[in-house]
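Position chains U, F and X against the provided structure of chain C, taking the given hints into account.
Protein chains: 4
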Amino acid sequence: MEKTIRIAVLGASGYTGADLVRLAARHPNIEIVALTANTHAGKPMAAVFPHLSMLQLPDLVEWEAVDWTGVDAVFCGLPHGTTQKITASVLAANPKTRIIDMSADFRLRDPDVYAQWYGHEHYATELQAEAVYGLTEHYRDRIRTARLIACPGCYPTAVLTALLPIVAEGLVDPADIVIDAKSGVSGAGRGPKQNTLFCEAGEGLSPYAIASHRHAPEIEQEIGQAAGTKLLVNFTPHLIPMSRGELCTSYLRLMPGASVAGLRGALAARYGDEEFVQVLDEGVMPQTQNVRGSNYVQIGVFADRIPNRAIVISALDNLVKGSAGQALQNMNVAFALDETIGLRQLPLFP
Amino acid sequence: MEKTIRIAVLGASGYTGADLVRLAARHPNIEIVALTANTHAGKPMAAVFPHLSMLQLPDLVEWEAVDWTGVDAVFCGLPHGTTQKITASVLAANPKTRIIDMSADFRLRDPDVYAQWYGHEHYATELQAEAVYGLTEHYRDRIRTARLIACPGCYPTAVLTALLPIVAEGLVDPADIVIDAKSGVSGAGRGPKQNTLFCEAGEGLSPYAIASHRHAPEIEQEIGQAAGTKLLVNFTPHLIPMSRGELCTSYLRLMPGASVAGLRGALAARYGDEEFVQVLDEGVMPQTQNVRGSNYVQIGVFADRIPNRAIVISALDNLVKGSAGQALQNMNVAFALDETIGLRQLPLFP
Amino acid sequence: MEKTIRIAVLGASGYTGADLVRLAARHPNIEIVALTANTHAGKPMAAVFPHLSMLQLPDLVEWEAVDWTGVDAVFCGLPHGTTQKITASVLAANPKTRIIDMSADFRLRDPDVYAQWYGHEHYATELQAEAVYGLTEHYRDRIRTARLIACPGCYPTAVLTALLPIVAEGLVDPADIVIDAKSGVSGAGRGPKQNTLFCEAGEGLSPYAIASHRHAPEIEQEIGQAAGTKLLVNFTPHLIPMSRGELCTSYLRLMPGASVAGLRGALAARYGDEEFVQVLDEGVMPQTQNVRGSNYVQIGVFADRIPNRAIVISALDNLVKGSAGQALQNMNVAFALDETIGLRQLPLFP
Amino acid sequence: MEKTIRIAVLGASGYTGADLVRLAARHPNIEIVALTANTHAGKPMAAVFPHLSMLQLPDLVEWEAVDWTGVDAVFCGLPHGTTQKITASVLAANPKTRIIDMSADFRLRDPDVYAQWYGHEHYATELQAEAVYGLTEHYRDRIRTARLIACPGCYPTAVLTALLPIVAEGLVDPADIVIDAKSGVSGAGRGPKQNTLFCEAGEGLSPYAIASHRHAPEIEQEIGQAAGTKLLVNFTPHLIPMSRGELCTSYLRLMPGASVAGLRGALAARYGDEEFVQVLDEGVMPQTQNVRGSNYVQIGVFADRIPNRAIVISALDNLVKGSAGQALQNMNVAFALDETIGLRQLPLFP
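Protein chains in written order, with the numbering used here: chain C, 1 to 350; chain U, 1 to 350; chain F, 1 to 350; chain X, 1 to 350.
No lab work stands behind these hints: they were computed from the structure. There may be inaccurate statements among the hints.
Where chains are identical, the list cannot tell them apart; a pair therefore holds if satisfied intra-copy or between any two copies.
Okay, derived cross-link-like pairs now, EDC-like style, lysine to aspartate or glutamate, Cα gap no bigger than 20 Å in a straight line [to be verified]: (1) Lys85 / Glu275; (2) Lys43 / Glu282; (3) Lys230 / Asp110; (4) Lys43 / Asp281; (5) Lys43 / Asp59.
Bound conformation, chain C alone:
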C-alpha cells in the first residue's frame, strides 16, 4: 500500500511555490491539503497561476488559517525573515510535521553571520541549531531524520555540488576561488520590479550585488567546513535574459599534485550513483538548456590556459534543483521514499 504525505505549501503565489505545486501535484504519494498566500487569500490557485488551472487544488488561504494537525510536511517559499516565526508556530501546533524550508532563514548556522547579512537578529536560534542544510547529495543521512530542512539557495546548490568534493579532497586551493555566477530572471521572484521588466532585463546583461550577495556567506560556510577553515570566496552574479537557468563558472587553483583530469575523476567517482548529478565527459559543455525544467545538475571540468588552474562549470534550473525540486527530493529522503519519485520529468528543450 502506498503511503500518502499530506503537505502544505506556504507562499504558493511565488515562482518557487508554484513550481513546488507543479511537481507535487503529480507526485503519487502527495496530497496537497493547504496553499497559503496572504496577499491572495481567498482566490483559487488558477487565478494566480493559470498554468495550473487543470488541477483540483485547495484555494489560497492565509497561513494563520491552516489547520496543522494532519499536515505531514510543510514547504515554505516565503520571503526571508518571515519563515522563522512561522516555523516556530507551526511546530508548536504540530511537533510531528516536517518543515522543508526553501527560504534563506535557516541556512546560515552562525547567528552572527545571519545577523550581519540579513540585518536583524535571528528570531529562532534554537530551531536554527537543529536545522539540517538540505543539499541532498551531501546531507542525505541527516535529512532522513531532520525536523527542519533548510534547502540551499539556487547558486549555492550549483556551486557546492561542483566544488565540495574537490575542496574536501584537497585538490584545489579553498582560499583562491572565484565564482562568476549567471542566473535567469526568475530568481528575482514574481514581485513587480523595474529591473526585471521584460524591457529592462531583455536583450541585455547586468552584473548585480557584486561582493554583497547573500548566497556568498552560505557558500563560504560550506566550503569552509569542507576545507576545515574560515575563508572568503569571490562571488559575482550576473542577470541573464532568460527565465530559468543558472550557470556558475568557478575559477580554481590546483593544489600541488592535482590535475584537471583528477578533478573530473573525483567528481565522477563522488556522484557515480547519483541520479541527478551529471559529471560530463571531457569537452562536453554544461548548458542551462539541457536541464531546463528538471532536477538535474550538470558539471564540467576544463583546463585553464594559466598552468595549475582549472575551471569548473555547473548548470541547473534555479527553480527546480535550485529550489522546489531539491525540496521535494529532500521530502522523499525524509519520508523514506525513492528519492527520484516525482522528479523524473526530463528537461524541456527547446
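Just chains U, F and X now, kept in the frame of chain C:
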C-alpha cells in the same frame, strides 16, 4: 500485468522526434527499441540532444537498419514526402505495426489537393485511403483501430479543436473565417536556416507564407467536411520570438441566432469530458505560457466590436499537443490505454 | 543661421520620454531646457536612464517648477488624463508655445466618446476643439500652424497609415475591417507590473484588451471620417515577447472593381514622396526588425485565399514612429524645418 | 568645404558589414562606392538586409570586380584568412588606399602565434609587419598615418580598454588575470549554424571555446606588451541569449600598494578626455543595455570579497565599438576628421 509497447521513432534528430522521446521515455508502457536519423546514424542520442543524456537509449541508426518485427508502433517525424515510401516499406515488413505519422504525408485525403500543395503525386495513395486523421478528440473511434494515423499539423490542431464543434453545429459562417496564426520558432525545425537564427527571429515579428501555408488546405478539408461544403479560409501565419507555443486568433461571423455565449457553451459542452481541452471562462485569456511543454490546449471565446461577429482564440504547445504529445495520445487510444498516460506533465511556467 | 528650438519634455522618466530625449539630443536645432518627472524630481536623468549618461541634460524637476517663458515646444509624455489640465496651464503661462502631446488626451474629437472610453469628462474641451491629430503624412498642413498637436497612438499610426488612403479611395469596405494587432512590451510602459515582467511576457504570447482597447475608437474616428460614416472596427491586440515593434495585420474586403494590386498601387502613389513610409513590393514582408529604432513604417499588401479579400500589414517601432519619432517629425513640420532632421538614424538590426 | 571619403566595404553581407553600412551611410563625409559579397553578387543590398532598403546603395558585387582607383578607404569584414591576400591585391592596385580591417587577419604581430591559432602560415607577413592595431584610444597616433589598420576583436576591445591602463601602471598582477566573457549571439555571424538558432541559443546559456578562443592570444599580446613580459590569461567566453552586447568580468589581483579606488582613479584619469569610454562611478553597474547600438564602452571597478583582489567589468556593443563603430572611428582618425563624426547615435534602450 502492464502491457509493453515497443516503439521506434523515425527522424529522432528533429525537435518533434526529440519531444516524442522526452515523453515516451517516461511512459510506463513504452519501450523505445529504435531511433533513426539518417544523417546522424551511429551517434548516441545524447550527442545530438544532450538534454536527454540521462536516458538509456538505443543509438541512432539509419531507418533501413531497423528490424521491424516486434515493433508495435512507429512514430514518424520525418520531412514530408519521405514518409510515404518508408511507411509502405515498414508495413510490408510488419503488417501488424501501427504507424503514427507526425509528418504531413497522409493528412490530405484528396490526392489532387496533396499534389497541388506538395508538388508531386502522392506515393502511397492506397495507404492514404486508409489513413485516419489523428485529431484525437474528433477521430478517437477510428483511431482505436487505425493502422495508419496521420497526426494533424500544429496549426490545424489549434484551429480545428476550436472551430470544428461550432462549425458543425452551424453557429458560424464557414465561408467567412479569418485565422491570424502565430507560432514560436521551433515549428520551423532544427535545420540551420538564416531566418530562424537567434539574431534574425529574436526581438522581431514577421508574417510568412501568407495565403500559401500548407496547413491551409488541411484546415479547409476538415472545416469543409464539418460544414458539408468545399470552402476556403484565410490563414495568415506569423513568426513570434519564442521557442514553443502557438496561438490562433480566429475571426468569425455568427449565423443568425447564434451568440458569443452560445459558442462558448457549445465548446464547453463538447469538451466537458476531455482532459486536454480547456474551454476558458468569459474574460480569461488563452496564453501560450499556460500550456508550455504540456498536452493541453486552451480556447477562449470573445465578442467582437462589430455586431454578429466573434473571436475564438486557441493556444497550445506546437511540439506537444501540436505534434509529439498528440501522437502519444493517439498511441494510447490505439492500444487501449488510459489516454492521459505519459501526458500528464504540467505546463512549465515561467 | 540655424534656428534653435527650446523644448521641454514632460514625463521624461517613461520610455516615450526617454526616446524623445534620445532623438532630440542629437537634433541640431533643439536645445533641451527642461525635463520633468514628478516622482523622480531632483535626480539627474542618468540616474533614471543610464543609457543617456553621456549627455549634458538638465536634471529632472516637477512640472510645476518649469519656467515656460522661452520654451518654444513642449512634448508631453504623461499618463492620460493629466495632460489636459497641464496643457491649459502651460498655454496660459506662455500662449506662444507649441504643445506636442504624445498622450491620448486630445486624440478623440468627440467629448462623449472620450468620456465613454476614459471614464471622466474631458477637462479641456476648448483645447480639444483646436487640437490637430498628429498623423504627420495626413495632417501636415494643419500641423504647420497648430498650437496643440495630438500625436496618434502607436497602433493607430500603424493602422491608419496603411488603411486611410484605401478607405478614402473607396477600395475596401470600411464596415468589415478586422485588425489583428501585435505589440512589443515597451508599449505597456516602464511602471512595474506583473504581466510585463520578463518571466511573464517572455517566451509567451497573450491577447489582451479584446474589443476594449482605447486605440479602437481612435481608429474608428479616422477611418470613419475617411469613409464618411460612423463605423466600428475589430481591433484585437496581442502582447509579443520583444521590447520594441508593432505589426498590424488588417483583413479587408475589397469593394467591387478593386484588386490587391490596386490597393498596393494606391498606397505606393499616395506615399511615393514620403521619406518615412515604405510601400513594399509584391511578396516582400513587413517585419518589425526592419524598422527597429527608426521612424520608418513598412506596408505590405497581400492577396487572401478567400476571393475579394485582401490583407494589409504594417510594421513600425512603437516608440519612434509610433510615438517620439512622429512627435519630433511634427515639431519639424510645426517649425518649418526639413521634416527628416533628427530622424534619419537607420534601423538597428540585428 | 567638406572632404569626401570614398569607401568600399568588403564582406557587406555579414552583420559587421551591415553595421558598417548603417553607420557609414549617415556619415557626412563618406560616399559608399562599392559593396562586395561574393555569394550574393548581383543582388541589391536591400535584398540581403531589408532594414537598409531606404538607402541608395551600390549593388553587391564580387570583390574582384571593384575598381580600386579612387577608393580612399576599404573596410574589410571578411572571414579570417581571406583578407590577407585580398589586402595585398587591393594595395597593389591602389597603394594610396587605407585598409581598415575588421577581421582577425592582421591583429597578431607574431607570425608563429598566428600560425598556431589559425592553422596556416600568414599569407602577407610584410603587411602584417606594418599593420597598426586599431584600438583607437591606445594606438591613435600610429593610426593617423597607418596604411593598414587591424581593428581588434570585440572581446579584446572590451578587455583591453579596461585593463591596459592599470596593467601599464603596474596596479594589477598581469600573471593572474581571469576573464569571464559573455557575448550576444551576433558575434557568431550570420551564417546558419545549429547552435545559433533561436531555439538553441534562446532561453539558455552556454560556455564555449574555453581556453581555446582566438581572442585570447590577442589579449595576451597587448597585455603582455603593457606588462613588458610574455604571459597567459584565462579567457572563458559564454554565449548569452541576446543579439548584441558583450560584457567582460575580469578578476584581478592587486599589486602591493594598489587599491580598488586607485584602479578606478587611474582609469578615470586615462579616459577623462575620451568621448567613447565611460568610467563609471563607484557602485554603478556596466550593462550592455546602456550601450546597445552605440560606440560607447562602460567600465566599472569593484572590490572583491577576497582581500587584495578587484573586479573590473567592461560592456560594449560587439558590432559597434567591438567592430564597425571602432573601424569608423579609426577612419575618422586616419583622415583627420573629428573622431566622433558618424558615431554619436545614442544607445537604443529599451
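Comparing the hints with the structure gives:
1. Lys85 / Glu275: neither (35 Å within a copy, 41 Å between copies)
2. Lys43 / Glu282: Answer is between; shortest inter-copy Cα gap is 17 Å, intra-copy 50 Å.
3. Lys230 / Asp110: Only inside one copy: Lys230 and Asp110 sit 12 Å apart there, 46 Å across copies, limit 20 Å.
4. Lys43 / Asp281: The answer is between: 15 Å across copies meets 20 Å, while 48 Å in one copy does not.
5. Lys43 / Asp59: Within one copy, since 6 Å is at most 20 Å while 44 Å is not.
Hint violations for this structure: number 1 only, all remaining hints satisfied.
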